[in-house]
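Asker: With chain V's structure known, arrange chain G on it following the hints.
One letter stands for each residue in the lines below.
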Amino acid sequence: MTAPSMPMISLQGVSKTFNRTIHAVRDVDLDVEEGEVVVIVGPSGSGKSTVLRCINLLEIPTTGVVIVDGSNLTDVATDLDHVRAEVGMVFQQFNLFPHLTVLENITLAQRKVRGRSKSEANEMGMRQLTRVGIPEKADAFPRQLSGGQQQRVAIARALAMEPRVMLFDEPTSALDPEMVKEVLDVMLELAGEGMTMVVVTHEMGFAKAAADRLVFIDEGEIVEVGAPEEVFSNPSHDRTRAFFDKILY
Amino acid sequence: MSEFRSSRDGRITDERPWWDTFPWWSVIIVVVLVWMGCQIIVNDDYGLAWERIIPGLGLTLRSTIYAFGIALGIALIAGTGQMSRNVVIRNLARTYVEFVRGIPMLPLIFTVALILVPEFTDLLNTRLDAWFGWEFKLSFEMRATVTLAVIYGAYMAEIFRGGIQSIPPGQTEAGRSLGLNRRQTMRSVVLPQAMRAIIPPMGNDFIAILKDTSLLSVLGALEITQRARQFSASTFKFREGYFVSAFIYLVLTLSLSVLLGVLERRMTRDRKGER
Numbered sequence: 001m002t003a004p005s006m007p008m009i010s011l012q013g014v015s016k017t018f019n020r021t022i023h024a025v026r027d028v029d030l031d032v033e034e035g036e037v038v039v040i041v042g043p044s045g046s047g048k049s050t051v052l053r054c055i056n057l058l059e060i061p062t063t064g065v066v067i068v069d070g071s072n073l074t075d076v077a078t079d080l081d082h083v084r085a086e087v088g089m090v091f092q093q094f095n096l097f098p099h100l101t102v103l104e105n106i107t108l109a110q111r112k113v114r115g116r117s118k119s120e121a122n123e124m125g126m127r128q129l130t131r132v133g134i135p136e137k138a139d140a141f142p143r144q145l146s147g148g149q150q151q152r153v154a155i156a157r158a159l160a161m162e163p164r165v166m167l168f169d170e171p172t173s174a175l176d177p178e179m180v181k182e183v184l185d186v187m188l189e190l191a192g193e194g195m196t197m198v199v200v201t202h203e204m205g206f207a208k209a210a211a212d213r214l215v216f217i218d219e220g221e222i223v224e225v226g227a228p229e230e231v232f233s234n235p236s237h238d239r240t241r242a243f244f245d246k247i248l249y
Numbered sequence: 250m251s252e253f254r255s256s257r258d259g260r261i262t263d264e265r266p267w268w269d270t271f272p273w274w275s276v277i278i279v280v281v282l283v284w285m286g287c288q289i290i291v292n293d294d295y296g297l298a299w300e301r302i303i304p305g306l307g308l309t310l311r312s313t314i315y316a317f318g319i320a321l322g323i324a325l326i327a328g329t330g331q332m333s334r335n336v337v338i339r340n341l342a343r344t345y346v347e348f349v350r351g352i353p354m355l356p357l358i359f360t361v362a363l364i365l366v367p368e369f370t371d372l373l374n375t376r377l378d379a380w381f382g383w384e385f386k387l388s389f390e391m392r393a394t395v396t397l398a399v400i401y402g403a404y405m406a407e408i409f410r411g412g413i414q415s416i417p418p419g420q421t422e423a424g425r426s427l428g429l430n431r432r433q434t435m436r437s438v439v440l441p442q443a444m445r446a447i448i449p450p451m452g453n454d455f456i457a458i459l460k461d462t463s464l465l466s467v468l469g470a471l472e473i474t475q476r477a478r479q480f481s482a483s484t485f486k487f488r489e490g491y492f493v494s495a496f497i498y499l500v501l502t503l504s505l506s507v508l509l510g511v512l513e514r515r516m517t518r519d520r521k522g523e524r
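Protein sequences, first through last, are from chains V and G.
For the first sequence, my numbering begins at 1 and goes up steadily by one.
For the second sequence, my numbering begins at 250 and goes up steadily by one.
The hints are simulated quantities; they were obtained by calculation from the structure and are not laboratory data.
The C-beta atom is built at its ideal place from N, Cα and C for all residues, glycine as well.
There could be a bad hint or two in this list.
[To be verified] Residues of chain G placed beyond 10 angstroms of chain V at every Cβ, according to the derived structure:
| # | residue |
| --- | --- |
| 1 | PHE271 |
| 2 | LEU282 |
| 3 | GLU300 |
| 4 | MET332 |
| 5 | PRO367 |
| 6 | ARG392 |
| 7 | ASP454 |
| 8 | LYS460 |
| 9 | GLY469 |
[As the list claims (entries may be wrong)] Estimated spans, in silico, between C-beta atoms of each pair:
| # | chain 1 | residue 1 | chain 2 | residue 2 | range |
| --- | --- | --- | --- | --- | --- |
| 10 | G | GLY411 | V | ILE22 | 25 to 35 angstroms |
| 11 | G | TRP273 | V | ILE247 | 58 to 68 angstroms |
| 12 | G | ARG432 | V | LYS246 | 37 to 47 angstroms |
| 13 | V | ILE22 | G | VAL336 | 20 to 30 angstroms |
Same shape as in the complex, but just chain V:
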């Protein structure tokens, strides 16, 4: 028997309890293989964002183990900052740094964490800006961009660190409808290039187009995992069916 290859992300029995009373996440087990795209869906308040935030320990799990690229993040001895540099994250509210230009947003961590020179970081920054389609905005401030452009800068900022994993926390939920596609297009392209991605979203179209697996979470628990088409058309749990009945036309 050959040893099974290590998954890129492994959540084992992860629970998160806030204030000792609110059980946001209960006993979640989830493995994500290298190059896999996993989409997490579920009703609001179901704990799907908390699960995602446990992957780079923005949320510290109350119990359970989080292993990313072979490092146990829940171990005190692990250098969290080191692992986080390998895990890019895109937020619902973009969270660009408003006091820095677009290019400075993208080069800050490259220089401080990766130790790249200014010209190296700028070159990588421009490459990522070109990839997300807005190299001409390098010297603009975030405030001067549309929501879709800001989110694409946020993606470029994460990609410039050359992460091994990308996490997306409802990346299109704060966008005006006409800007959703430009962001999803970038994400689709990224998925096509083989990036390991975990995406929390309400965009079922994206899940259908890009997801290898769909995870349905309700009340902090994983209810169902499967191929997107399978889960959409033939959910095996009542809770999953009830959820899709409400959101799918």
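Answerer: Coordinates of chain G only, in the frame set by chain V:
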């Protein structure tokens, strides 16, 4: 919603005529200042009061600047100390801030200047004397200034804390998710943004310190207010003495706040791209 009924054609409108929005108050203040200035020049009593009081200007300005500088240092330590992960530092900083903010300034000045500072320097000096055969002398004026600094250090600590906490947690999360450590995130992401929330109220506190140096007169420091009191008491020219001191304070505070306004406007203009 502010409505304004035009008097010309009886039609309701929200556009205000120029005389409604014009800052008449500044005209009034300028007129009063010019009138007071003229009084000092042409009226001998006012002129005499001016001559006797103006030597206090140096002490007022000096103690304002020193007190502000020292308070800034104390505030930085106490303000960030309140957010420290160390439970001892956090609680010490909080205790200091709550103590000072909970006591009115006048009794606090007596307590700090007449009890705490002398006892602290005495304590320090017995050690210094034993070790180095040298004593640390704090001039009377400096003692008063340190008192103001200790008080304003607590007020300004709250400005630091408020400014840092006004930055949305998403900013810290974005920094940390990129692999920046706590200190790097604070230095490169949070503090530069917090400064924009911190600088305007700091400027206001500078002006407040300038005004509160007048409280040091209760300690006998020969600043503007104390000199005005002495002049009035010795000549019975109360009106002249207090008018002149009010004039000096007004000129100082008004020109400072104009300066601050320019500074703030420049700050917001430089980085128009920001929120």
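Asker: All hints are to be evaluated individually against the structure, with a verdict given for each.
Answerer: Outcome of the hint check:
Once the 10 angstroms rule is applied to beta carbons, G/PHE271 is consistent with being away from chain V; the minimum gap is 32 angstroms. With a minimum CB-CB distance of about 39 angstroms to chain V, G/LEU282 clears the 10 angstroms threshold, and the non-interface call stands. With a least CB separation of 50 angstroms from chain V, G/GLU300 remains clear of the 10 angstroms interface cut-off, as annotated. Under the 10 angstroms C-beta cut-off, the non-interface status given to G/MET332 relative to chain V holds; the minimum distance is some 18 angstroms.
The Cβ of G/PRO367 sits about 45 angstroms from the closest Cβ of chain V, beyond the 10 angstroms cut-off, so the non-interface label holds. The beta carbon of G/ARG392 sits about 40 angstroms from the closest Cβ of chain V, which is more than 10 angstroms, so the claim that it is off the interface holds. With a cut of 10 angstroms on Cβ distances, G/ASP454 stays outside the contact zone with chain V, its closest approach being about 23 angstroms. Separation of G/LYS460 from chain V is adequate, the least Cβ-Cβ distance of about 33 angstroms exceeding the 10 angstroms criterion.
With a least beta-carbon separation of about 47 angstroms from chain V, G/GLY469 lies farther than 10 angstroms from that chain, consistent with its non-interface assignment. A hinted range of 25 to 35 angstroms for the beta carbons of G/GLY411 and V/ILE22 is consistent with their spacing of about 28 angstroms. One distance hint, 58 to 68 angstroms for the beta-carbon pair G/TRP273 and V/ILE247, holds here, with the actual separation near 60 angstroms. Under the hint 37 to 47 angstroms, the C-beta atoms of G/ARG432 and V/LYS246, about 46 angstroms apart, fit the expected range.
Between V/ILE22 and G/VAL336 the Cβ separation comes to about 25 angstroms, which falls inside the hinted range of 20 to 30 angstroms.
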